[in-house]
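Please put together the full structure from these sequences, using the hints given.
This is what each chain is made of:
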Amino acid sequence: MGNREDIALLGHLMRRAGFGATYAELAERAAAGYEAAVEDLLNPERFEPVDADVLYRFLPGYEGALGPPLNQAEWIYRMINTRRPLEEKMALFWHQLFATGNSKVDNPPELTQQIDMFRQYGLGSFRELLVQLAQNPAMIFWLDNNGNHLGAINENWGRELLELFSMGVGNYSEDDIKEASRAFTGWTVGPKIPRNPLGRFYWNFEYRPEDHDDGPKTFLGHTGNFNGQDIIDIVVNQPATARFLARHLYNFFVADEPQVPSWNITPPNDPDAIDRLVAAYDESNGDVRAMLRTLFNSDFFKQARFSRVKSPAELVIGTARMAGHFAGPRPGFNSLAFECAYQGQELLNPPSVESWHTGAEWIDGGALVRRVNFAAGILGDTALPGVSAIVISIRARGALSPDEFVDACLELVGPLEIGANTRAELLDQARSDGELRWDDAAADSEKRVGLMLALIAASRDFQFA
Amino acid sequence: MLTTVADGRVFDYSYCLGMYGMSGQGFWAPQDFALADDDTMFVISRGAEELGQRISKVTLDHQFLGQFGAFGRGDGQFIWPRSIALDDAGAIYASDDFLNRISIFDQDGAFQHAWGEAGDAKGQLNAPSGMTFDGSGNLLVVDAMNHRVQRFTKKGKYLGGFGRQGAADGEFNLPWGVCTDDAGNVYVADWKNNRVQKFDADGNYLMKFEASPSGVGDLHGPSSVAVDSEGDVYVTDWGSHRLQVYAPDGRFIATLVGDAQQPSPWTQTYIDANPEIIKARRRVNLEPEWRFRRPVAVKVDRNDRIMVLEAARHRIQIYDKVKDYEEHPLNL
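Protein chains in written order, with numbering that gives the first Met the number 0: chain C, 0 to 464; chain H, 0 to 331.
Simulated from the structure, these hints should not be mistaken for laboratory data.
Even for Gly, the Cβ is constructed at its ideal location relative to N, Cα and C.
Watch out, some of these pointers could steer you wrong.
What the simulated footprint calls covered on chain H by chain C, stretch by stretch (three residues with Cβ under 8 Å from a Cβ of chain C suffice, anywhere in the stretch; the number is not a length) [unchecked claim]:
id	region
1	18-31
2	277-285
3	311-323
In silico negatives: residues of chain C with every beta carbon more than 12 Å from chain H [stated by the list, open to error]:
id	residue
4	N42
5	D50
6	N195
7	Q302
Below, the structure is given as structure tokens:
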């Protein structure tokens with residue numbers, strides 16, 4: 000077992016690169032060392048994937064889900080039960096970056112296929128990921144590339160590829176958008192068997208050479224008879240692309256940045272950190288894993304504890320993982336999907352291609368009440384296996400003073416760092432019933448632990464990752 | 000192929016029955032079905048989360064007669080309906096592998112009683128999956144997460160059981176479906192071990208059905224098993240979306256992959272009522288629609304008709320085992 004600081008640092012890593020971990024798991028990972036934990040996260044193939052056979056045997060309605068929220072529930076099952084947390088966290092990262100929504104696609108299984116593509120390619124070459132994205136049927140339909148034809152271009156995909164998915168505003172011209180769009184003509188989806196009444200069938204990417212504009216194009220200063228892959232080759236070699244991706248990774252994994260639409264006029268909070276990530280991109284030829292290795296091993300990451308507001312998905316899934324009551328197949332994963340939506344993040348259905356606004360914008364009056372009630376309701380329930388394990392762990396420490404009681408609870412739910420005001424409130428509560436004892440007051444003490452955990456979950460500090 | 004000829008057997012595709020439906024006519028993620036003597040059929044739908052759980056009463060000629068059961072924990076309700084069996088008096092037994100109970104209904108769907116207790120002690124249940132009645136009128140229940148088969152009276156009194164977790168002969172890993180043959184032997188779809196095991200009526204291991212050393216006839220998550228009047232064994236290969244057929248001695252005979260080229264009348268009615276769907280269907284290769292998708296249950300009736308239920312296509316495909324087939328001239 001590592002020391003308290005080691006465990007606290009691992010807790011930080013697992014909250015950011017995953018969805019949190021139990022204290023026992025943190026202790027185990029800390030014993031192996033921080034760098035080893037980073038490499039385990041970066042190499043998910045070292046661990047078995049979620050057993051999809053078990054998932055679909057017991058929850059057959061999740062396979063090719065006929066409608067939301069079942070597809071959302073399917074993903075939440077995987078996020079909670081995965082032994083490859085960064086693989087799922089990257090899928091969430093790419094979903095937030097390449098936002099694609101069921102409001103238009105209206106094909107839940109296609110969105111699930113897109114998430115699976117993110118699992119497969121999300122830690123590899125950014126170029127390959129963009130090629131896969133350009134050929135992803137849900138994305139093609141979402142951004143109308145099926146309507147992008149030889150002689151009659153639709154600029155939606157070409158524009159968002161540059162504006163939202165790779166370079167950012169201010170780094171290309173309107174002509175570049177038109178030329179990129181010409182290069183992606185003929186990239187479409189084939190017709191598919193209609194969804195009803197025999198369940199879902201899948202789209203397939205289809206390249207139609209007769210509908211492709213094969214003429215010369217000038218894009219970002221390069222001229223040639225470009226096809227879509229050529230455009231992506233040029234895009235991934237732009238300094239703006241490395242910087243844009245670096246800033247997104249920083250915003251998602253390190254600390255909240257200003258909202259994305261302002262990035263062309265607002266500098267990063269930590270330019271040096273962005274420079275280091277850009278250097279990792281350049282040195283690795285655009286390898287996402289290399290960028291993340293730099294990020295997770297950096298001081299700017301290690302020192303950024305509790306500086307990001309948890310997204311609804313992070314809050315809901317992290318809390319459920321800690322409570323342990325959604326381990327394996329069971330009914331009710333849809334309730335967690337609904338909870339994410341109520342808190343402002345309906346998975347697989349972002350509000351627009353601009354995705355969700357993050358950071359402090361996750362929090363408004365209604366969302367905060369839901370977040371607090373959800374987390375406090377779960378962590379206060381000592382019947383849940385993960386909460387019960389916390390109670391057992393605290394009980395094993397014997398009688399505790401109010402200070403020790405508060406510290407023990409904070410340690411086992413994070414370890415969580417809190418401000419002075421929160422600490423004062425928690426201590427007030429702890430002192431009101433005196434020493435925590437496990438003799439004849441055991442039943443009462445269990446309730447006190449549950450109440451303390453609920454209070455912690457309701458604190459301002461718990462809202463941060 | 001609408002007709003599959005292999006090793007002296009002929010399997011002739013006949014027709015299909017069913018379609019997707021959240022309620023009423025149709026099924027949703029159906030898991031099992033049972034045939035009554037009058038060709039009435041009871042199909043148990045699992046649905047998803049709080050919707051779609053029910054038992055549908057239909058006929059083999061596509062009449063929808065009604066449904067009973069719903070989501071819930073109360074009498075006659077289900078959380079995870081899984082399998083269904085009829086006793087010799089026609090009573091309907093339905094398992095729920097979340098509630099760990101067996102619910103009994105009459106043929107009109109009226110709830111009679113239920114039994115079952117969660118746990119891993121003898122007679123307790125953890126995820127009851129396939130069920131079938133033995134020749135003595137007792138119920139064999141595959142106790143999936145306890146990796147065993149248990150035998151109960153109709154009232155739920157524990158009579159015995161066999162199997163434990165493992166991969167050796169006579170052991171199971173998350174078994175699923177079960178059936179018996181005319182001699183009283185018991186066949187169990189040993190899901191995670193990718194095989195079917197055969198036992199005598201007392202639970203003594205006899206043999207197994209699995210891939211030959213060359214890999215022919217392999218199974219990937221068998222979900223259900225049935226035996227015809229000649230002893231041939233049919234296995235729904237859930238993981239590979241096909242039906243594997245074996246001779247009584249375990250020799251692999253044939254694979255059926257689904258042949259529903261003609262939609263069921265329910266499906267056709269739905270298509271005919273939706274012009275956009277008609278247009279869309281005329282532009283695509285429909286072959287994926289013909290094929291099995293997640294076959295979960297297979298039954299053989301008294302006429303050796305082979306019926307395969309597909310969870311992901313919400314229908315049953317029916318084949319005839321033709322006994323008097325004469326080859327056509329090959330030089331036609």
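Practice item. Output the numbers, in ascending order, of every earlier hint that fails for this structure. Key: 5 and 6
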